[in-house]
Each structure stands twice: as C-alpha cells, then as structure tokens.
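Based on the sequences and whatever the hints tell you, model everything.
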Amino acid sequence: MTSLDYIKLAGIGPIFLILGPALGFWIKGQPGKQRMVFAIMCFMTINGLFGPGNWGLTLASIETYRGHTKGYHFYFNHALAIALIVAKWLEDPRSFRWVPPGLGLYLLYCAMSLLSIVNAPDKNYVLMAAHKSIFVSLLMIATFNTLRNDEDLKYFLRVMAVTITWELFICIKGKYADGIYQVRGTFEHQNPLAMYCVLLGMIFIVTGLGPTFRWSNYMMVAFIICGVIVEFTLSRGALVMFGIGAVAAVLVSLADKITRRRVLVTSVLGILGGIGLMLALDTIISRFNDKGNVASGELREVMKNACRAMVSDHPLGIGWNNYALVVNPPYPYAEIYYDWLRGKGQIPDEDAPNSVVESHYYLLLAETGYTGLNSWLLVIFVGLIRNLRCAWFFGYSFRRCLSLGICIGCALNYEQSTLERVLVQPRNLMMWMIIMGITARLEAMRREGKAAAKAAKALSAAATT
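Heads up: the sequence shown begins at 1 in the numbering used here, then just goes up one per residue.
No lab work stands behind these hints, which were simulated from the structure alone. Be aware that one or more of the hints could be misleading.
EDC-like, lysine to aspartate or glutamate: derived pairs with alpha carbons at most 20 Å apart [claimed, not checked]: (1) 33 with 91; (2) 173 with 188; (3) 70 with 5; (4) 28 with 152; (5) 33 with 151; (6) 70 with 358; (7) 344 with 301; (8) 304 with 415; (9) 123 with 313; (10) 123 with 188; (11) 304 with 335; (12) 344 with 415; (13) 450 with 91; (14) 70 with 151; (15) 28 with 122; (16) 33 with 152; (17) 28 with 91; (18) 304 with 256; (19) 70 with 152; (20) 304 with 358; (21) 33 with 92; (22) 175 with 188; (23) 33 with 150.
Okay, the calculated beta carbon distance ranges per label pair [claimed, not checked]: (24) 389 with 221: 28 to 36 Å; (25) 150 with 351: 12 to 20 Å; (26) 3 with 268: 54 to 62 Å; (27) 240 with 111: 33 to 41 Å; (28) 13 with 267: 55 to 63 Å; (29) 444 with 51: 37 to 45 Å; (30) 263 with 63: 45 to 53 Å; (31) 99 with 397: 22 to 30 Å; (32) 95 with 17: 19 to 27 Å.
Just so you know, these numbers come straight off a predicted model, no measurement behind them. The beta-carbon is built from N, C-alpha and C at its ideal position, and this holds for glycine as well.
In structure tokens, the structure reads:
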C-alpha cells in the first residue's frame, strides 16, 4: 500500500467502524431520523452531485485498469447502511434479520465466483471484486430491516422520484449547456444511467397506475423524467427496453384492473410519448444508423469468442475481475482480437489495451466460469419468481403494483445485460441491491400474510367443529 492508502485507511476506520455505529445509536428509536438517513443512502447511489463523482475512499486504487473493479472502495452510503443496521438491531434484535430472503443465494454467487481465484493471474483483482460485491449487501440488509410497511415502501418511491428529478437537471445541463451528445449525468457512462432509469421507470409507472397514494401522480411524472433521461443518453438498448417496458407496464396494469384513472393516464402518456418521439425522432434514427454500429457488433462477437476460449481453458473462470488483464499480452487471448484486426487489414497495436467484453453474462462466464454464471442466473431467476408470486398473492393493491414494477424493471435490466455489464458497476449494483431488499420485504410480507390466512382458516375450521 502507498502512503496515500494509509492516509485513506486512517479515515475509513473511524467512518465505518465508529461514525457508522455511532450514528446508529443516535437514530435508534427515531423513525424520522432513520428515514432521513435512508433517503441519503438511496440518493447517494447516483454517486455525484453535479457530475460523475466518487463518494467514498479507495485503497490500492488502479484507475488505469479497465476491469469493473479498480480498488478496495468504501462508499459513504455503506456507512449509512451500517447506521441503519445498528439502529434497527438495537431496537428489536428478535425481529431483525441479518440474512433477508434472497441474500443467502447472492452470497452463494459471491462464494462460487471466488472459486475462480485459483486460476487468476492477479489474485488481488479477485479480492477487489469480492470486497465490492459482498460489501454492497449491507444496502440490502439495511433496506429490508428499515422498510417494514407500505408507508415505508412508498417513502422509498418518493425518495427515488426526487433523486431522478435531480438527475434530470444534471442531464439538461449536460445536453444544452455543455453540448454533450450522449448525456451521462452523474454516471461514469451513458449506458449505466439509462439502465438505472429503465429499472426505476418501470416501478414508477406501475405504482403510479395503481391505487392512489401520496405522490401517486408524481410517480407518473418521475416515469416521464426517466424516459427523457433515457432519450438524452441515446443508449440504443435502453431506448428499446424502455419502450417495451412501458407497453408491458400499461398492459399488465390494465389486465390487473381497468379503472378510469388507468385509462385516462395511459391515454395522456400515449400522447406525451408520441410528441416526445416526434421531437427526438431524427436524433434517435441517426443514433441507430451510426456507421460505427457494424464494427461495434463485430467487436462484440470477438469479445464473446475470447470469453468462450477462456472458459474452455478454465471452467472455473480466469479470475473474477481479471478479464481486462488476460485479454492483453502476454496472454494468448489477445490473439483473438489481433486476428480480427488483421482480417480487416489493420495492424494491431500491442501497447494499446484491448476492449473488455460488454455482455454481463459472457463476462461472468469468462471470469467466474460455469459455477459463477449459473449461481448468478439462480439469483436473478428466484428474485423474479418471488416478485411474480407476491403480485399474485396480494391482489389489487399497492404491493402488487410494486412487485410487478420491480419484476418488469429487473427483467428489462437482465435482458439488456446481454449487451451491457452495468450490474457489476457500483451505481447500478447499489440500486439493484436496494431493490432486492424491497423484494425480500415483499416476500416476508407474503409469507406473513399466508401464515395469517392459514391460521385464520384453521381457527374457523376449529370453531365450526
């Protein structure tokens, strides 16, 4: 470690080991203050105020590395998660759950991915990825134990509506004041921002179309804001996913129950969407017809071929977070790139780093092998099933709408992950873990409701006899 790392470590210890728990002691038994801490924790997932930022401290930083983890990073909102965990545990240790539904499977995925360390050329890179992936689970634990009822869940929606509204202002500045073609807001790239908005946008529209509640109408505004930001990013995959998701959300809502409000709001959204599409049509068409699209598609296939070669040589993977290392000389997988370039009549520059695969699933396959990929697929499949099961159980209600919104938003993110690897990047991973915490809470509510219904049925049967 460098001298700068020791200075950072001197700050990390007090913040996470002292200030985090101390804040938890202070907010114990004070729901208002806990909500404030939770709101800041969620807002900080955008990780920047006026542009891309890095709200935290990083040990062994390797910013020049092109992998998905560039050091041992300690995000400040993780310290807030620790505070919430301490507060809730002190309030009621018996009802507190250290392992919410779904977290066990996620930690299994982390363990399976860690097996790849046996083949990793740089084992330190593997530990960096493990640290990031395991540490972020604090957000899921904090979310699950903080959000206990419907009002808490609605508060989360209000917090994210405000967060995405702030993001819009940053994007407007980037597009019109700074003249940025593909706006990225406070994110490191436009694609993560777009997928962040797709995930939240689907939750906003489905809950906004459901039974009315405080800020219910603003959920529709937040959905429109998400759509505007996606259009600003000009992310081709996200533009398609957002359109598909919007249609699916409307159809699911109408299939659930046709109400006057749903029909009216859907009609207004259709008109506004049509106007917005007409205004942005030329730019969108230009983006889809970009001359670089063909070359980009060919390169994606080359990167996938490299992944296939890696897992063929190492079924457990070449090492979590090691793809960006082994795809360059002196490792043989660089030749897969160079052969492609030679076939196009170009001379490879062996001093320039090769591109990193963009598909999340192929990245997992190459880095963590079949065990890592299959365990991840199990995590996301079980999460989707739980949301669908909750939607079926709760009937026409806010909980059903929230479950369906999460299910649609996550499914779209998982589909776009065939093209983008943003779910290994900090901002999207943090928001996804918060969403998984909400999924776990909904699952716990379903189990409690099922148990209560079973008990009531048994009591009724006993009374009749």
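Results of checking the hints against the structure:
Distance check on the hinted pair: residue 33 and residue 91 sit about 14 Å apart at the alpha-carbon level, within 20 Å; holds. Taken as a hint, the residue 173 and residue 188 pair is honoured in the structure, with Cα atoms around 16 Å apart against an allowance of 20 Å. Restraint check for residue 70 and residue 5: satisfied, since their Cα atoms lie roughly 14 Å apart, inside the 20 Å limit. Annotation: proposed proximity of residue 28 to residue 152 holds, straight-line Cα distance about 16 Å (limit 20 Å).
Simply put, residue 33 and residue 151 have alpha-carbon atoms about 15 Å apart, close enough for the 20 Å limit, and the pair holds. In summary, the hint linking residue 70 to residue 358 is supported, as the alpha carbons are separated by about 17 Å, within the 20 Å threshold. Under the criterion of a C-alpha separation no larger than 20 Å, the hint pairing residue 344 with residue 301 is consistent with the structure, at around 14 Å. A distance of roughly 17 Å separates the Cα atoms of residue 304 and residue 415; the hinted pair therefore holds under the 20 Å criterion.
Annotation: proposed proximity of residue 123 to residue 313 holds, straight-line Cα distance about 18 Å (limit 20 Å). Annotation: proposed proximity of residue 123 to residue 188 is violated, straight-line Cα distance about 26 Å (limit 20 Å). Distance hint between residue 304 and residue 335 is fulfilled; the C-alpha atoms sit about 13 Å from each other, no more than 20 Å. With a CA separation close to 31 Å, the supplied pair residue 344 and residue 415 exceeds the 20 Å bound.
About 26 Å separates the Cα atoms of residue 450 and residue 91, which puts this hinted pair outside 20 Å; it is violated. Proximity of residue 70 to residue 151 is assessed by CA-CA distance (about 38 Å); at most 20 Å being required, the pair is judged violated. A hinted pair counts as satisfied when its Cα atoms are at most 20 Å apart, and residue 28 with residue 122 does not qualify at roughly 43 Å. Between the alpha carbons of residue 33 and residue 152 the distance comes to roughly 13 Å, so the proposed pair stays at or under 20 Å and holds.
Taken as a hint, the residue 28 and residue 91 pair is honoured in the structure, with Cα atoms around 6 Å apart against an allowance of 20 Å. Distance hint between residue 304 and residue 256 is unfulfilled; the C-alpha atoms sit about 40 Å from each other, more than 20 Å. Of the supplied pair hints, the one linking residue 70 and residue 152 is violated, its CA atoms being roughly 35 Å apart against a limit of 20 Å. Of the pairs offered as hints, the one joining residue 304 and residue 358 holds, with about 9 Å between alpha carbons and a cut-off of 20 Å not exceeded.
Restraint check for residue 33 and residue 92: satisfied, since their Cα atoms lie roughly 17 Å apart, inside the 20 Å limit. The suggested pairing of residue 175 with residue 188 holds, with an alpha-carbon distance near 16 Å, which does not exceed 20 Å. Taking the CA atoms of residue 33 and residue 150, the gap is near 18 Å; set against the 20 Å cutoff, the hint holds. A hinted range of 28 to 36 Å holds for the C-beta pair residue 389 and residue 221, which are about 30 Å apart.
As the Cβ distance of residue 150 to residue 351 is approximately 58 Å, the hint placing it in 12 to 20 Å is violated. About 59 Å separates the C-beta atoms of residue 3 and residue 268, a value consistent with the hinted range of 54 to 62 Å. Our hint of 33 to 41 Å for residue 240 and residue 111 holds, since their Cβ atoms are close to 35 Å apart. Judged by the Cβ atoms, the range 55 to 63 Å given for residue 13 and residue 267 holds: they are separated by roughly 57 Å.
Between residue 444 and residue 51, the C-beta spacing of about 38 Å keeps the proposed range 37 to 45 Å intact. At roughly 52 Å, the beta-carbon separation of residue 263 and residue 63 lies within the given 45 to 53 Å, and the hint holds. The given range of 22 to 30 Å is respected by residue 99 and residue 397, whose C-beta atoms sit roughly 27 Å from each other. In this structure, residue 95 and residue 17 meet the distance hint of 19 to 27 Å, their C-beta atoms being roughly 25 Å apart.
Hint check: violations occur at hints 10, 12, 13, 14, 15, 18, 19, 25; the rest are consistent with the structure.
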